[in-house]
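Novice: Once you've looked at the hints, dock chain B against the given chain A.
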Amino acid sequence: MNAVGRSGRLGSRIAPYLLIAPFFVVFGAFGVFPLLYTAWVSVHRWHLIAGGGAFTGLGHYRDLLVDPLFYNALSNTVSIFLLATVPQLVLALGIATLLQRRGAGWQVLVLVPNVVPVVAVALVFGQLFGRDYGIVNFLLGRIGVAPVSWQSDTWAAHLGVATMVMWRWTGYTALLYLAAMRAVPRELHEAAALDGAGGRQRFRAVTLPGIRPTLLFTVVASALGGVQLFTEPQLFDGTGLAGSGGSDRQFQTVAMYLYEVGFGRFDAGYAAALTWVLFLLCAVFAVVATALVRRVVRR
Amino acid sequence: MTIHMRRFGSLAALAALVVFSLFPLYSTLVVASHDNADLARPTPPLLPGARLPEHLSEVVEKVDLGQAMANSAMIACVVAVANALFCTVAGFAFARLRFRGRGALFAVVIGSAMVPTQLGIVPLFIVVDALGWYDTPAAVVVPGLVSAFGVFWMRQACLEAVPAELVDSARVDGCSLARTYWHVALPALRGPAAVLAMLSFATTWNEFSWPLVALDPNDVPTAQVVLSQLAGGYYTDYPLVLTGVLVSIVPVLLLFVLFARKVVAVLLRGAAETGS
Numbered sequence: 578m579n580a581v582g583r584s585g586r587l588g589s590r591i592a593p594y595l596l597i598a599p600f601f602v603v604f605g606a607f608g609v610f611p612l613l614y615t616a617w618v619s620v621h622r623w624h625l626i627a628g629g630g631a632f633t634g635l636g637h638y639r640d641l642l643v644d645p646l647f648y649n650a651l652s653n654t655v656s657i658f659l660l661a662t663v664p665q666l667v668l669a670l671g672i673a674t675l676l677q678r679r680g681a682g683w684q685v686l687v688l689v690p691n692v693v694p695v696v697a698v699a700l701v702f703g704q705l706f707g708r709d710y711g712i713v714n715f716l717l718g719r720i721g722v723a724p725v726s727w728q729s730d731t732w733a734a735h736l737g738v739a740t741m742v743m744w745r746w747t748g749y750t751a752l753l754y755l756a757a758m759r760a761v762p763r764e765l766h767e768a769a770a771l772d773g774a775g776g777r778q779r780f781r782a783v784t785l786p787g788i789r790p791t792l793l794f795t796v797v798a799s800a801l802g803g804v805q806l807f808t809e810p811q812l813f814d815g816t817g818l819a820g821s822g823g824s825d826r827q828f829q830t831v832a833m834y835l836y837e838v839g840f841g842r843f844d845a846g847y848a849a850a851l852t853w854v855l856f857l858l859c860a861v862f863a864v865v866a867t868a869l870v871r872r873v874v875r876r
Numbered sequence: 003m004t005i006h007m008r009r010f011g012s013l014a015a016l017a018a019l020v021v022f023s024l025f026p027l028y029s030t031l032v033v034a035s036h037d038n039a040d041l042a043r044p045t046p047p048l049l050p051g052a053r054l055p056e057h058l059s060e061v062v063e064k065v066d067l068g069q070a071m072a073n074s075a076m077i078a079c080v081v082a083v084a085n086a087l088f089c090t091v092a093g094f095a096f097a098r099l100r101f102r103g104r105g106a107l108f109a110v111v112i113g114s115a116m117v118p119t120q121l122g123i124v125p126l127f128i129v130v131d132a133l134g135w136y137d138t139p140a141a142v143v144v145p146g147l148v149s150a151f152g153v154f155w156m157r158q159a160c161l162e163a164v165p166a167e168l169v170d171s172a173r174v175d176g177c178s179l180a181r182t183y184w185h186v187a188l189p190a191l192r193g194p195a196a197v198l199a200m201l202s203f204a205t206t207w208n209e210f211s212w213p214l215v216a217l218d219p220n221d222v223p224t225a226q227v228v229l230s231q232l233a234g235g236y237y238t239d240y241p242l243v244l245t246g247v248l249v250s251i252v253p254v255l256l257l258f259v260l261f262a263r264k265v266v267a268v269l270l271r272g273a274a275e276t277g278s
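Just so you know, the protein sequences line up as chains A and B, in that order. Under our numbering, the residue at position 115 of the first sequence is numbered 692, and the numbers go up by one with no gaps. Under our numbering, the residue at position 203 of the second sequence is numbered 205, and the numbers go up by one with no gaps.
The hints are simulated quantities; they were obtained by calculation from the structure and are not laboratory data. Do not rely on the hints blindly, as some may be mistaken.
[Stated by the list, open to error] Short derived list, chain A residues pointing at chain B, Cβ under 7 Å:
hint, residue
1, PRO593
2, ILE597
3, PHE607
4, VAL692
5, VAL695
6, TYR710
7, LEU855
[Claimed, not checked] Computed footprint of chain B on chain A; a stretch qualifies when at least three of its residues, placed anywhere within it, have a C-beta under 8 Å from a C-beta of chain B:
hint, segment
8, 615 to 625
9, 676 to 685
10, 702 to 708
11, 827 to 839
Ideal Cβ positions, reconstructed from N, Cα and C, are used throughout, including at glycine.
Just chain A, same shape as in the assembly (with noise of 0.2 Å):
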């Protein structure tokens, strides 16, 4: 009896950390494991399919530095990022403003977009933005603007794909952003307005540092969304070319060049050196991001 006490306490002592195990296995073996594997791989020759060869120190990481296709992927991404995210937050933020006090109905219907597969998305678009045939031109030809090359003009391009990741991210980021105003006290509201603060000065000086940390959330997150934005782009341009991003590579974006370089021209070694840059300015980027909306959202 004394004994079964005793295994039973025991086994509560483990058991918790049994029921945890299979998150930090799985995490461990397919998350930090790759990663850190990566940095090996990242000094050798590698093919991604034969394995690893010679040692060759930092050689990937200086030829990056030096590589215009890096550098191409990376300013698209960085414009694709800025046309998506800026006007995605502040839409995101007038409707939570427009939602705060309608039903659930509304809730519900602004997050359609973001259940719909990501490989739908890229397709409807892709078609909505055809050159000869998308109803964008169509419309646009309603108020006399020449048909836009969607698919083969850069700016036009970054915008049709920033396009569609505000589609599928505003009635996401908007409900964020409506759960943390609903949970701004409204004693501060009451406050501001006894003080004679009009609804526009309230929501600058109660809303908007109330909701300071979600803000922060979202563009952190946004940025990281950015930085692996793949099949939007992949899937935008359907003709043969998909993969490269357009002719000239005008919308290839890291994470496309990535997978380019690994699975293209499986050069698992440079693709490696790839990966551990990429991580590294996601790094900085949240840092940077972190100070920016500390400095621009005052408490």
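Specialist: The following block gives chain B in isolation, referenced to the frame of chain A:
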């Protein structure tokens, strides 16, 4: 007067919101149900046409979308059930059991959600290939078995729905951990676990880049990969492609409609957490 104006403005904004959210989906139906010739007219069609059944049989002739959707469904179901199971027990442990290192370990869970793991696609491929999993279901199932978001969220649900006193008193009364979990925690966690399963299903169903590289594209992989193949080539036959898209959206949209209210509630609560 100004109140009327404001009211009109907000109604107009809501109408714009409906169009913004739903037009791309509606237009998918319109394009899928017309011929290329119809679409090429000076004024493109704005109402659904009659060609959908024709296009459906054409899609099925061209690619094995049925098989691909069955594959996707199987993969997504396994991932959904596994997430409901593993995330629920882990969330329960983090919320209601006392053990050494709990805080630090939970911090790892939170931190892991901020790592852009999708960038690690090349080393992940090397690992999965070394395990001999290339072009097997394991390659796309195992890495998704349990998610940081799920653990975080089930812990939250447990903190709200399972009283600590109830767990403690059950334990003091000599109830084993397994029985405590089964009789005290699980009944309260069934609802949240179902929502988590639905979200995991949708995420897995929608996955593209990883199945694209981890499965042999010449075998029938997942629905998303097959759709991208249907769109590839020198000429994209949009009515056909969007018919496939329409079919592939149905399962996730159905699930979403069934769970919509709960999903929104989850999201709103989760957001309040990140904001606090």
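Novice: Now tell me if each hint is right for this structure.
Specialist: Hints, one by one, checked against the model:
no.	hint	verdict
1	PRO593	holds, 4 Å
2	ILE597	holds, 5 Å
3	PHE607	holds, 4 Å
4	VAL692	holds, 5 Å
5	VAL695	holds, 6 Å
6	TYR710	holds, 5 Å
7	LEU855	holds, 5 Å
8	615 to 625	holds (count 3)
9	676 to 685	holds (count 5)
10	702 to 708	holds (count 5)
11	827 to 839	holds (count 4)
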